[in-house]
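*Asks:* Now for the letters of each chain:
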Amino acid sequence: MAAKSSPPTSAQFLPDAKPVAPVSVLAETGKLNRGAKPGMTKTAVLEALRLMMLGRAFDTKCLSLQRQGKLGTFAPIFGQEATLVGTAMALDPAHDWVVPQYRELPAIIRQGQPMERIALYRQGHPDGGIIAEGVNVMATQVSLAAQIPHAVGLAWGLKMQNRPGVVAVYFGDGASSEGDFHESCNLAGVVEAPVIFVLQNNGWAISTPRDIQSGATDLAARAPGYGFPGVSVDGNDLFAVHKVTAEAVTRARAGLGPTLIEAHCFRMGPHTTADDPTRYVDPADLERWAKRDPIDRVQKYLAAEGNWDKATEETWEQDIAAEVEAAFEAASAHPRAGPEAIYEHVYAEPTPTIIRQRDAHLGGQ
Amino acid sequence: MAAKSSPPTSAQFLPDAKPVAPVSVLAETGKLNRGAKPGMTKTAVLEALRLMMLGRAFDTKCLSLQRQGKLGTFAPIFGQEATLVGTAMALDPAHDWVVPQYRELPAIIRQGQPMERIALYRQGHPDGGIIAEGVNVMATQVSLAAQIPHAVGLAWGLKMQNRPGVVAVYFGDGASSEGDFHESCNLAGVVEAPVIFVLQNNGWAISTPRDIQSGATDLAARAPGYGFPGVSVDGNDLFAVHKVTAEAVTRARAGLGPTLIEAHCFRMGPHTTADDPTRYVDPADLERWAKRDPIDRVQKYLAAEGNWDKATEETWEQDIAAEVEAAFEAASAHPRAGPEAIYEHVYAEPTPTIIRQRDAHLGGQ
Amino acid sequence: MAEMNMVEAIRSALKLEMERDERVIVMGEDVGHLGGVFRATDGLQQFFGSSRVIDTPLAESVIAGSALGLAITGMVPVIEMQFLGFTQQAFHQICQQMSRVRFRTRGSHTAQITIRSPFGGGVRTPEFHSDSMEAQFAQSSGLKIAMPANPYDAKGLLLEAIRDPDPVLYLEPLRGYRLITGEVPRDDYTVPFGRLRVVREGTDVTVIAWSGAVPVAEKAAEIAAEQGISAHVVDLRTLVPLDEEGLVAAVEKTGRCVVVHESVALAGFGAEVIAFLQEQAFYSLEAPMRRVTAPDAPYPMPGIEDFYIPTAEQVARAIAQTMADQ
Amino acid sequence: MAEMNMVEAIRSALKLEMERDERVIVMGEDVGHLGGVFRATDGLQQFFGSSRVIDTPLAESVIAGSALGLAITGMVPVIEMQFLGFTQQAFHQICQQMSRVRFRTRGSHTAQITIRSPFGGGVRTPEFHSDSMEAQFAQSSGLKIAMPANPYDAKGLLLEAIRDPDPVLYLEPLRGYRLITGEVPRDDYTVPFGRLRVVREGTDVTVIAWSGAVPVAEKAAEIAAEQGISAHVVDLRTLVPLDEEGLVAAVEKTGRCVVVHESVALAGFGAEVIAFLQEQAFYSLEAPMRRVTAPDAPYPMPGIEDFYIPTAEQVARAIAQTMADQ
Ligand SMILES: Cc1ncc(C[n+]2csc(CCOP(=O)(O)OP(=O)(O)O)c2C)c(N)n1
Ligand SMILES: Cc1ncc(C[n+]2csc(CCOP(=O)(O)OP(=O)(O)O)c2C)c(N)n1
Ligand SMILES: [Mg+2]
Ligand SMILES: [Mg+2]
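Protein chains in written order, with our numbering: chain A, 1 to 365; chain B, 1 to 365; chain C, 1 to 326; chain D, 1 to 326.
Wrong hints could be hidden among the right ones.
What the hints assert, rightly or not - With a straight-line cut-off of 30 Å between C-alpha atoms, the simulated DSSO-like cross-links for lysine-lysine are:
1) B:K70 x C:K219
2) A:K291 x A:K42
3) A:K18 x B:K18
4) B:K18 x B:K37
5) B:K61 x B:K291
6) D:K253 x A:K70
7) B:K310 x B:K300
8) B:K300 x B:K31
9) D:K253 x D:K219
To be verified - Covered, in the sense of this in silico footprint (three residues per stretch, anywhere, with C-beta under 8 Å from a C-beta of chain A), are these stretches of chain D:
10) 50-58
11) 171-185
12) 291-299
These aren't lab readings, by the way, just hints derived from the structure by calculation. Quick caveat: nothing in here was measured; it's all calculated off a predicted structure. C-beta: ideal position from N, C-alpha, C; glycine also.
Build out the structure end to end from the sequences listed, making use of the hints.
*Replies:* Okay, here's the thing in structure tokens:
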């Protein structure tokens, strides 16, 4: 990249020759970096670990159901657990919001959305779209980057009303190429909205690698172009992600506006269950990133502190599996939806056209 | 802005506390900065001055025609002459392209588009849209930022075909908030397209001031987020604009990819003839910027060098006025367009539907 | 009552509703300090402050998209899109996001948002400023579309729109902003959605129009009257919801029908009106229904736009032809 | 001749044309290394290299917009938009920019660009992936719209589209990608635009469909045949240009008509077909023409999509009702 900047230029804004070192707290070995602090209480670390394991277990279950043909296409979170949970744990679910793309399961669960709803959604049931009363999340977003403007509006609205909330909006490296990313960051910078842009750089947008996605060395480098800070963080490091998010939350609550977080992680699974990543992902990359596993890392850390062992792990895994199982059972017990569901919730009150069409349809025409 | 960055943060990318000093060569006084060189031959300086004066004269003429009801709405260039001409003069019209927004008259003329066509366009004649054979400009763009993707495609196509051209695309501070700006810069960075993004920051988007347009201190600071350099330049300084553009052209021709130029200037006239800027522009700002007038500055410089005086100025003004007059006369002599023009050029060959509609219409139905 | 033009009626509705409901905010390009490029929001920022009448950056997609977030926090955004042609940049946010949020969440989140925008030709604007694209939005289930033709309806439909719990695209005939005037109550009132208005009673042929095409239809009816033809002119007022009963009644009354609109013919909303009537009132039809629309070409340069916009003479001719059909 | 499914026919056209004309490039999200999420471009990058089969960043507007610039330099871009629902982000680039560049410049600049995109439901996709929005594009004068229903037409219309000097939106029925198979010549041939195809000869009622709705119409015709009704099924193939003559002839033949499409009814292209026929074939009509379409609601969650998509049974019922109408 340095070569790109020659011949000499008067330009005051030059791209970095190489990426900055992402913020890091907990090394791949599970040991804290020299002088670093976890920045989370033991209880919080355990809660975070549980959420990460739950997220992974939920998707593992879904994967097996999907293979049995019992579930639709979905996007598993494998490998991105620390980014999702580290950010979510820095939020206060009572006031703060999570605005997801489609790969943010544990963040949504942490906000209070019942797992059963998520199971229902994955089963293709319209009621899977219901947001439980008082839960501060928006619906799964399938149109890439389209949720980012919503998040800015939410944050701006909370600010206008002097409400305490902060909004965390999630999206991928791919989504960051969409115009909506730019328009949103720019508006947020102008109105100093309390919003945190969580760019999950997992290396891929389906089969499109990061270097085809952008010529920038760091996507976090975009933030100054909107007037707010950008931070690059090791996305597989729970503590580092939590730390930079907590800082962003503090800034946002203090009225200092947005932060862009680029979390470097890796999509360890397929893009969705419809995808075959062996066609394009280098197994060596998977191996390298497997060594940096976010869950493993926290377990090692806890074990070194004497707070984790094989037995605990097994108990947790059983509990979590049971919880996931229960969610799917509850979802399966939900009454199936019929054709009338198509005509509901189009408008607050059905229009004459909808009533005519519904009556014809349900009347067997 | 500095205050915005506190409390302490781990962020590696922080917004600048205040704007950088724009690149400057020729001071407001018409004197070169210490050690600075004009970077243009005397002939080129005179050609540039003529283009700047022509641009201003053309719009002055249009304004008077418009007031007489003889012309439609248009956007005058008043005050932005050095940005337009300084960039255009760094291009080679035989190979390079100009992709305009709607306020780039002298850049288009310099590329070779006949003034008569521009007059026709302003008269509302469909033939005003014709691009003269071999002239490397795209049509006036009314939808803000929509031309930026086109410019990237043009540059990319030239590169694919190993043709020597470079593309300069013009847009305003307002247009830079559109998603198309972002998507274009990002793609250009990936494919290292030979394109120069000329962001004319004239302080306003109709009535919307720069600080409502973005929270960034410098819009040029966006470039590193796409992997290429960004430069802030005094847009009223012909030599400075020419210098940074020439550097960008050199980089682009060398295969080193795009540059973003933010040219600081001021819209001295109305947004368009439909606008009343006295409702929102502070007269003090106009006064301040009037002292920085780009044409005046070059004339002073030339005068100090012994290459300009009142008499020359008068002769030039008369010649230019005559040239403008001739363009409008030629345009007015162009045959008026009738209803059949609506049905032409919709497709290469009219569809049966268009033929049916046209025949009915022209047949008096 | 007061004599108002369209812009004044719109402004009067905005002011009234902002006073009545403090959740209502106005946002868009140049709506604040300037009061809008057509002055529809003139004086509102001075009155309500810049936290309720908001100049936004120039970015239609995030204007629409952030309004959805604002609505979820309980605000009631009224967006001005400077020209309808520039809503294309926000198409996905309007048609896929705000229109469907209720459906997607089964009513958990809703979008009480009004998008105001001028459209239509006849005032010599540059490209895109005159585009009529109501039909492109009509396919977006979840969105309502209101298109007033006179100041009374402009105010009443706008108040109804802002209070409607669903997103409403509210389109304003640019050409009529100052030209069309009428008596408007100073007080609060609403015009319900989905009820067409009989503009002129007639017995021979029904002319259906909306927005800026209504005055054209009226003038055509006058021309027709001179030829001894009695035209029944109706104004749809809202395309979604459509006044199905009213439409059928209006056409059954005469058995003949001409639809007028300013957008291109192909897949325009006139096609929907005719298809619907053809299904629901077939046996009353004595002649083929006709459309008078713009041709299937882009909106042209100002110098020839008068040849493009449907004229009263063209409509009158279509009326006469319809009468001549057996 | 070879037996191919839709995807294979499309790929075969792309390969043939890229070999024949080196100006042709393929670009889009995941079209290169992966060969497209549905493998329509499988193997092309390996064959033609990454300078002609190009993976782009994830940004629909600049994909469409840069293609216009590329076309002006003399390239012939064939864009894959991963799903039609995501062309909304590029709506202004497609409908206002590439479609109008010829008109705006009186032919100085043109846009020989093809946009391929899958659409339609029945395969349990997430939101937006199944949206049918052809009618929203039909209002954009300057754009052509091709919608093949079988592999033969898929190849022939795609070759025609790529060679057409104007921009063409070429839509592919997702559900039929692998399901619909047929004999396809290995060699070069084109299917001309604006000529409908008679799918099945019949005498009692004309059924009009395009793309994924054609097999539904065919199946309905079989059901009708069992009830003693002879349905004449036609496939429009291209919506723009519309085969005006062919349509009138097809309906005059039977005097009765059912139009089937997968998009919502309101302002769908079916409305245009009916409005057009009503104007041009009114006196041949013995019964109201009927539409069988999706209801005016957003495309629903996979669990209930089967209730949403028009079925052969619904079409057969409409056929029977049309026959019963006096
Ligand atoms: C606007 C839009 N364009 C295209 C798609 C199709 N698509 C779905 S996911 C995906 C890649 C997303 O990559 P990224 O944003 O990095 O998120 P990730 O899947 O890696 O979490 C694409 C192209 C879409 N859903 N929305
Ligand atoms: C997409 C789009 N949105 C809105 C408009 C209406 N409009 C025309 S010019 C303008 C302001 C443009 O400001 P800027 O880009 O800074 O250019 P300037 O006029 O200052 O040269 C606006 C809002 C438009 N033409 N296109
Ligand atoms: Mg990704
Ligand atoms: Mg400006």
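*Asks:* Within a Cα-Cα threshold of 30 Å, do A:K291 and A:K42 meet the stated pairing?
*Replies:* Judged against 30 Å, a Cα distance of about 24 Å means the pair holds.
*Asks:* Would you check chain A against the region 291-299 of chain D, counting CB to CB pairs closer than 8 Å, and say if three or more residues qualify?
*Replies:* Three-residue rule met by the region 291-299 of chain D, so holds; n is 4.
*Asks:* Need the status of pair B:K300, B:K31: alpha-carbon distance at most 30 Å?
*Replies:* holds (8 Å)
*Asks:* Within 30 Å, alpha carbon to alpha carbon, are B:K70 and C:K219?
*Replies:* The given pair, whose Cα atoms are some 29 Å apart, holds under the 30 Å limit.
*Asks:* Tell me whether the statement that chain A covers the region 50-58 of chain D is true, taking a Cβ distance below 8 Å and needing three residues at minimum.
*Replies:* Coverage by chain A holds for the region 50-58 of chain D (4 residues, Cβ < 8 Å).
*Asks:* Taking only the CA atoms, is the gap from D:K253 to A:K70 under or equal to 30 Å?
*Replies:* Violated, at roughly 48 Å.
*Asks:* For the pair supplied as a hint, D:K253 and D:K219, is the alpha-carbon distance within the 30 Å limit?
*Replies:* Holds, at about 21 Å.
*Asks:* Hey, A:K18 versus B:K18, does the alpha-carbon distance stay inside 30 Å?
*Replies:* holds (25 Å)
*Asks:* Against chain A, does the region 171-185 of chain D show at least 3 residues with beta-carbon separation below 8 Å?
*Replies:* The restraint on the region 171-185 of chain D is violated, since only 0 of its residues have a Cβ under 8 Å from chain A and three are required.
*Asks:* Hey, B:K18 versus B:K37, does the alpha-carbon distance stay inside 30 Å?
*Replies:* holds (27 Å)
*Asks:* Quick one, are B:K61 and B:K291 close enough, alpha carbons at most 30 Å?
*Replies:* holds (23 Å)
*Asks:* Can you confirm whether the C-alpha distance between B:K310 and B:K300 stays at or below 30 Å?
*Replies:* With a Cα-Cα distance of about 11 Å, the restraint between B:K310 and B:K300 holds, given a limit of 30 Å.
Violated hints, listed in ascending order, are 6, 11; each of the other numbered hints is respected by the structure.
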